[in-house]
Amino acid sequence: MGDTAVKGTGQTEVPAEASTETLETSETLTLDEYRARARVWIRENLRPVPAAGPAPVGMRTTETPPEVIAAGRALQRKLFDAGYAGITWPREYGGQGLGGEYERAFLEEARGYQMPNLGIAGGTTFGVCAMTMLAHASPDFLRRHIPRILTAEELFVQFFSEPEAGSDLAGVRSRAVREGGRWILNGAKIWSSGAYYADWGMCLARTDWDVPKHRGLTWFAVPIGAKGVTVRRIRQITGDAEFCEEFFDNVELTDDDVIGDVNDGWTVAQTMLMFERGGGLSHGGPVRKVPQGIAPDLVELARSVGRIDDPQARDLIVRAHVDDVARRALMARLGGLMRAEPGRAAHLASYAKLASGVHDPVRANLAMAIGGPDAVAWEENDEAAGRTAIGFLNSRFMSIAGGTNEVQRNGIGERVLGLPREPSFDSGKPFREVLRDARNWSGRAG
Amino acid sequence: MGDTAVKGTGQTEVPAEASTETLETSETLTLDEYRARARVWIRENLRPVPAAGPAPVGMRTTETPPEVIAAGRALQRKLFDAGYAGITWPREYGGQGLGGEYERAFLEEARGYQMPNLGIAGGTTFGVCAMTMLAHASPDFLRRHIPRILTAEELFVQFFSEPEAGSDLAGVRSRAVREGGRWILNGAKIWSSGAYYADWGMCLARTDWDVPKHRGLTWFAVPIGAKGVTVRRIRQITGDAEFCEEFFDNVELTDDDVIGDVNDGWTVAQTMLMFERGGGLSHGGPVRKVPQGIAPDLVELARSVGRIDDPQARDLIVRAHVDDVARRALMARLGGLMRAEPGRAAHLASYAKLASGVHDPVRANLAMAIGGPDAVAWEENDEAAGRTAIGFLNSRFMSIAGGTNEVQRNGIGERVLGLPREPSFDSGKPFREVLRDARNWSGRAG
Amino acid sequence: MSVRLLAAATAEQGMLVDTTVRFIEDTLPLTGVRALAESTEPVGAAYIADAASLGWFGMLVDERHGGGSASGIGLVDAAAVAAERGATLQPGPFVGTNVVAHALSVAASPTGDLVSAGQMSAGPVSADTVSGEAGPHTDLLARLVAGQAVATWVAGAVGGLTPGAGEVTIRSATDAPGGGSALDGYVLDGEVRHVPDALGCDVLLVTGNGTDGLTQVIVDTTAPGVEIRALSGLDITRRTCSVRLSGVHVPAGALVGTPGTATEDLFARQTQVAAVLAAAESVGAMHRDFELAVEYARARIAFGRPIGSFQAIKHLLADTSLSLEMAKGLVTAAAEALGGGAPDGAELAHAAKAFVAEHGITLTHACFQVFGGIGYTWEHDHHLFMRRLAADAVTYGCAQWHRARLAERIGGVG
Amino acid sequence: MSVRLLAAATAEQGMLVDTTVRFIEDTLPLTGVRALAESTEPVGAAYIADAASLGWFGMLVDERHGGGSASGIGLVDAAAVAAERGATLQPGPFVGTNVVAHALSVAASPTGDLVSAGQMSAGPVSADTVSGEAGPHTDLLARLVAGQAVATWVAGAVGGLTPGAGEVTIRSATDAPGGGSALDGYVLDGEVRHVPDALGCDVLLVTGNGTDGLTQVIVDTTAPGVEIRALSGLDITRRTCSVRLSGVHVPAGALVGTPGTATEDLFARQTQVAAVLAAAESVGAMHRDFELAVEYARARIAFGRPIGSFQAIKHLLADTSLSLEMAKGLVTAAAEALGGGAPDGAELAHAAKAFVAEHGITLTHACFQVFGGIGYTWEHDHHLFMRRLAADAVTYGCAQWHRARLAERIGGVG
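Protein chains in written order, with the UniProt record's numbering: chain A, 1 to 446; chain B, 1 to 446; chain C, 1 to 414; chain D, 1 to 414.
Because the hints were derived from the structure by calculation, they are not lab data. There could be a bad hint or two in this list.
[Stated by the list, open to error] Now the stretches of chain B that chain D is said to cover, found in silico as 3 or more residues with beta-carbon under 8 Å:
#	segment
1	99 to 109
2	167 to 176
3	228 to 236
4	363 to 376
5	405 to 418
6	425 to 434
For glycine and all other residues, C-beta sits at the position ideal for the given N, C-alpha and C.
Can you make the complete structure from the sequences, with help from the hints?
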């Protein structure tokens with residue numbers, strides 16, 4: 001679950017880019033000129049976003065239809081050709097090399113227009129994988145892959161979690177062995193969102209078993225179509241199958257596929273986790289606070305089941321609302337604290353994650369209580385009526401995916417509150433011994 | 001806090017005894033004859049219990065006035081002289097040596113009559129200390145002390161918990177050192193209920209620092225009036241001062257004062273904890289289930305603050321009631337399970353303790369919510385109005401005293417559910433190293 | 001693998017539970033339930049008949065009506081069976097059939113007031129003492145007990161039991177368009193949603209508003225004007241249905257009990273019996289979901305340790321275990337009291353359903369947290385329990401409804 | 001040691017908080033509060049005057065009335081001060097005096113409708129624009145701001161704010177027994193309990209029912225017929241009082257604002273301002289109780305480890321920390337919005353009080369569990385915070401009351 005985390009659909013985080021052709025021009029433009037020009041291009045080339053219905057209660061990981069992805073790839077290419085892809089990314093890898101203010105200007109102008117929809121893998125590619133690559137991969141690697149990412153020819157997903165390594169992300173057991181100048185990859189990965197339509201996986205494998213677990217790990221770019229890679233879609237409890245599971249059977253890779261240094265994969269992973277957990281929060285301005293009235297989705301729900309005048313339903317709505325505004329206020333507070341002390345940003349981010357992990361289920365339960373019998377059974381094909389139930393099934397997503405509540409609580413306890421450390425049983429010995437000792441657990445220690 | 005725990009006032013658990021004079025007679029009596037005779041004696045010698053007001057919300061550790069204790073001692077003596085003290089206790093130590101059915105018969109007849117009130121120390125003396133002594137002390141010790149306990153000349157309290165050893169009961173640091181045929185005791189104890197009016201303390205001290213913590217402990221009987229013993233009453237958050245703290249400054253003890261084997265104190269402690277935590281539960285019949293209506297105390301409270309017709313107050317009352325009946329039903333269920341599997345009784349008792357630890361605070365909060373402003377401030381000297389607040393202050397008693405919620409959860413997790421053990425950092429090395437290592441805690445382990 | 005709802009089961013109760021567990025394992029274990037869920041079939045007639053032979057449908061029926069139970073208190077036995085059913089997410093209207101059979105049995109007794117009286121399966125047969133003839137529903141009762149017919153209860157929004165579900169109007173046929181004599185019986189109109197397992201039932205016990213107050217009648221599902229439609233639902237192991245009654249004629253003999261106050265009392269008792277049995281089924285589901293989570297916590301390794309050795313997991317499971325034990329105790333106590341005619345029977349029944357409805361949801365969330373990612377997969381059984389527990393929480397009255405019944409009793413006794 | 005309520009304090013706000021913290025440390029640290037609690041003395045006049053010189057009582061008062069604040073939004077500054085006060089359990093009517101001063105300042109503005117308008121300390125003085133004369137309470141306002149007088153608000157059960165507290169009747173003196181002219185003002189009768197810190201106050205703002213609807217007047221505590229009695233209370237660091245008004249005459253000039261709808265609006269605003277400031281004080285108390293618990297968890301050794309290394313304790317504190325951060329964020333957001341005239345100001349104020357009232361109780365329970373036995377001792381400070389938080393939870397409206405205000409707004413915006 002670690003691999004999709006806090007990104008939502010990823011959509012809004014796809015940085016829009018500018019292509020090489022217009023580079024010179026853009027650079028000489030003032031921000032206002034750039035903005036004006038972008039506005040013209042956007043109006044001529046993008047379509048307005050269709051009016052949306054009310055947001056569903058809870059998060060839903062809906063599948064993106066193949067034709068939508070195809071259209072998304074085409075549109076991303078169009079952005080690239082027009083010079084609006086990778087606006088802040090380095091020019092040598094196909095980006096525009098402009099400042100963040102240019103990107104913001106473009107995004108502000110594009111608000112209300114449809115940007116490329118590359119599904120959940122799009123968010124992972126642009127928001128997590130490419131950002132991590134730019135920080136750690138070799139120039140050769142970047143020259144090969146980043147331009148193709150910017151044109152949406154290469155969509156990347158994370159091959160990070162494993163069936164036996166979920167919360168314990170560094171506990172991966174997939175192994176890459178160097179043989180005759182090549183790397184032979186074996187193992188399994190899970191929770192890779194959208195892998196079934198992506199092109200590459202960014203894969204963490206163990207390359208040394210005789211050092212402690214955080215060492216001996218290496219990242220590889222794995223072509224999903226390569227021989228020996230099997231992708232299986234995982235049917236989720238909601239019936240969707242956005243997540244995938246991969247099996248690697250003697251997959252052959254080369255040194256060109258290595259991202260970052262061999263056996264230094266955990267350093268790379270830290271960067272990746274920062275992007276995945278929304279580490280960007282600290283760079284943004286204050287979170288925009290839009291008064292939204294009182295829990296509009298639950299008010300709508302109460303109306304639809306005829307309980308809008310029921311005092312107990314109204315109290316449940318208000319309870320959800322109080323938590324809603326407290327969570328919004330928390331985000332604003334965290335933004336302030338992070339700007340004041342950027343060094344603590346990564347640790348403070350645990351609060352945002354934990355708030356979702358703790359309160360999403362509470363809110364989903366409130367919605368079920370408001371919905372009553374009508375939230376539990378509904379007329380066949382009345383999708384709107386089923387939303388509360390879907391929200392309920394999905395409500396623990398944030399409490400598990402991308403670092404469980406327990407992991408966040410440890411982080412807050414130790415790194416924010418300064419409480420003494422958890423005893424560690426896996427950091428001081430070769431990983432192969434960790435596995436053996438865990439199987440023979442007796443509780444004996446120091 | 002460990003030392004008063006689950007016993008309530010202890011009062012009802014004081015076994016009534018029969019003195020030596022009537023021994024022969026009693027033994028030849030049938031149960032019915034015994035009962036008839038006891039009835040006569042009771043009507044002639046005991047006073048009816050005065051009608052009580054409604055029970056306060058939550059538990060209150062009220063102090064027992066000295067004159068009440070004095071009267072209690074006299075009455076206990078009277079019972080002893082009549083042959084109704086220590087009914088089931090061995091004859092050689094002053095008891096009557098009769099079966100439990102005789103004791104039950106006496107107690108049933110005495111229902112509604114005032115039995116000796118020896119305050120909280122009385123419960124500890126008869127229900128915990130004496131029972132533990134009978135199981136572990138030497139015949140000599142028992143001959144010296146038990147008869148004087150039965151006549152209430154010696155009231156015992158526990159000297160068990162220490163300022164630095166609360167939940168971690170075996171972590172005591174009070175030390176007894178053998179010097180020239182005597183034991184010299186130094187250290188401090190805390191949470192000894194009623195020590196300020198008791199005569200003896202049953203005290204756990206470390207007698208060997210070079211073995212793991214559960215070994216190297218020994219129990220002593222300490223005269224509270226001995227030279228070097230200082231008793232300080234602890235003012236509690238409710239304003240009461242039932243608990244005490246003791247300081248030992250080179251207190252001299254002899255081998256005669258040792259209870260159980262030297263360095264085998266933890267074995268004795270296990271017996272004591274069983275009595276303290278109400279291990280008797282498994283021997284009783286099914287818990288009597290008396291329908292009590294819906295949370296009478298809270299209904300009374302809601303009436304007194306004028307909210308008995310407020311739907312939200314009524315819902316809070318019902319919420320408390322649902323938990324109340326669930327807790328009563330739990331006790332009945334535990335009784336059934338314990339009778340079916342007596343071997344699991346001690347582990348199952350954790351459920352009863354945890355239920356109180358978890359739900360008492362919830363209930364106290366509900367009471368505060370029902371009481372509203374009138375539960376937070378009241379007319380000077382209106383004691384009834386202050387009960388809700390006292391209940392609130394006291395509501396975590398069961399979650400902390402006599403094994404915290406956390407200790408119970410560990411017990412249920414490991415010994416009932418069979419979950420893997422907590423890593424231990426204090427069981428495999430000399431106690432003096434445990435203390436040193438804890439101070440230098442780094443979290444590193446296996 | 002048994003839920004062991006009863007802490008102190010008699011030998012007879014132990015046997016009933018054992019045969020029930022074995023029957024389920026042999027005929028419809030969880031894998032079978034899963035397969036059935038993905039098809040559209042209701043549970044088969046053979047399953048019902050075999051279950052009936054174990055005594056599943058006669059425990060709340062007077063012996064003179066062909067009922068009987070393992071112990072003196074049929075509701076306790078029925079609750080024990082319900083818990084085992086819940087642990088394996090058995091489909092089909094067990095609660096419905098038992099409630100209907102019980103209502104028929106009570107209504108057929110001369111006073112009809114077993115509600116406040118005594119033991120659940122005591123009381124004489126109406127045939128003997130009232131008219132000398134067989135009661136109106138004797139035959140149906142026998143068929144229900146024998147598993148030759150299945151029934152469910154169409155209560156709808158009566159008394160707020162199922163908010164938004166709709167209600168049925170029961171008019172005398174004489175008042176209906178076209179008229180007729182009193183012998184013609186009644187005409188039913190209305191649509192009620194959220195009827196558990198109506199599809200596949202032979203008869204419905206319909207509660208509705210009549211000229212003389214609350215009225216209950218038996219309706220054959222094959223009668224003209226009866227339309228039953230399955231709804232989509234969160235709980236895929238059980239089918240909630242919509243029942244539309246359009247001018248459905250039933251004979252006078254279809255009446256169950258006397259309309260008005262007596263039926264209100266019987267209705268109240270039906271809600272209480274349904275509450276206990278539904279809560280017992282939930283407790284079974286809670287038990288199994290929890291058991292799976294404990295097994296997982298023992299086996300799953302992370303950070304070099306089995307995750308169950310972490311206090312975060314261990315204490316979560318301990319707290320969950322506490323509420324599960326409380327739930328089991330409370331359901332048992334309610335079954336004993338309501339079934340045994342104790343003064344606090346109704347009170348305990350409402351409390352049990354309120355407690356279980358809320359703690360079932362809490363429990364399944366806790367288990368989900370222990371499972372982590374694996375709990376998100378369709379293949380893992382957890383979501384089946386999660387779905388069931390959420391659906392159970394509102395079936396036969398949500399926690400709020402049952403608490404409201406208790407609130408009405410504040411200041412009284414029992 | 002600062003609570004640091006504001007995540008992004010300006011330099012001026014930082015200075016205000018620093019001087020406040022230093023002032024408290026120097027004049028009335030927790031040891032002093034404890035001593036004061038065991039005596040019967042109210043807080044001294046010197047303390048009030050010094051506090052006033054730091055700006056404590058002018059932040060919600062228009063500049064033209066002598067008020068002023070460190071930042072543009074006085075309520076944010078006042079909340080920051082309140083939080084520091086709460087952390088050290090400062091006694092005295094800080095919330096009361098500020099609410100009264102604010103009410104006087106708003107009522108003295110020509111439209112009197114700052115309620116819905118804008119910045120908290122903006123708006124012209126009535127003296128300038130309405131009549132050319134000084135407003136009726138100009139002098140009192142100046143004294144409050146300068147710390148020469150202290151005030152509290154006697155609201156009682158008006159609007160359900162303090163259930164069971166009683167209400168005051170405010171009649172025109174002409175209607176009162178004995179009669180009189182309109183110039184004679186008003187006569188007040190009634191007893192109101194649960195008035196915070198009334199003992200030691202110079203004036204009271206009394207809200208009551210008058211002939212023309214809701215009416216507010218200023219009452220001198222020395223006026224004949226005013227009787228103030230301290231109640232016993234859970235919170236020993238603050239005195240809740242009963243105020244009895246027996247035929248108390250006040251002049252016409254004692255009126256604050258216009259009776260009826262305008263006063264209802266002002267009353268609503270007063271509840272919101274009080275909610276924000278009281279919540280801010282609570283958050284301060286939460287902060288310090290929590291800080292003590294974290295310190296204890298770091299230092300206390302059991303089972304060979306610091307107890308904070310156990311997940312049971314660590315995770316409890318992490319969850320508690322989350323709700324504390326949410327509380328701080330919400331109080332700040334409410335102060336910004338209500339003080340800054342944002343459309344959702346009222347909504348956030350009610351939400352903040354509701355959130356803090358409930359989470360304050362949860363937090364103090366969590367801290368108690370960490371302290372274990374030591375928390376039971378009178379000597380340990382924990383119980384002082386526990387008492388304060390429980391009392392705060394119902395002062396100026398309990399969680400339920402504030403949620404009810406939000407429920408009224410369902411379907412609207414802001």
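Do the hints match the structure? See the list:
1. For the segment 99 to 109 of chain B, the stated coverage by chain D is violated: 0 residues have a C-beta nearer than 8 Å to a C-beta of that chain, whereas at least 3 were required.
2. Only when three residues or more bring their CB closer than 8 Å to a CB of chain D does the claim for the segment 167 to 176 of chain B stand; here the count is 3, and the claim holds.
3. Three residues within the 8 Å Cβ limit are the bar, and the segment 228 to 236 of chain B against chain D gives 3, so the coverage statement holds.
4. Counting residues of the segment 363 to 376 of chain B whose beta carbon lies closer than 8 Å to any beta carbon of chain D gives 8, which meets the minimum of three for the stated coverage.
5. By the rule of at least three residues with a Cβ nearer than 8 Å to a Cβ of chain D, the coverage given for the segment 405 to 418 of chain B holds, with 3 such residues.
6. Only when three residues or more bring their CB closer than 8 Å to a CB of chain D does the claim for the segment 425 to 434 of chain B stand; here the count is 3, and the claim holds.
The structure is inconsistent with hint 1 alone, although it conforms to all the rest.
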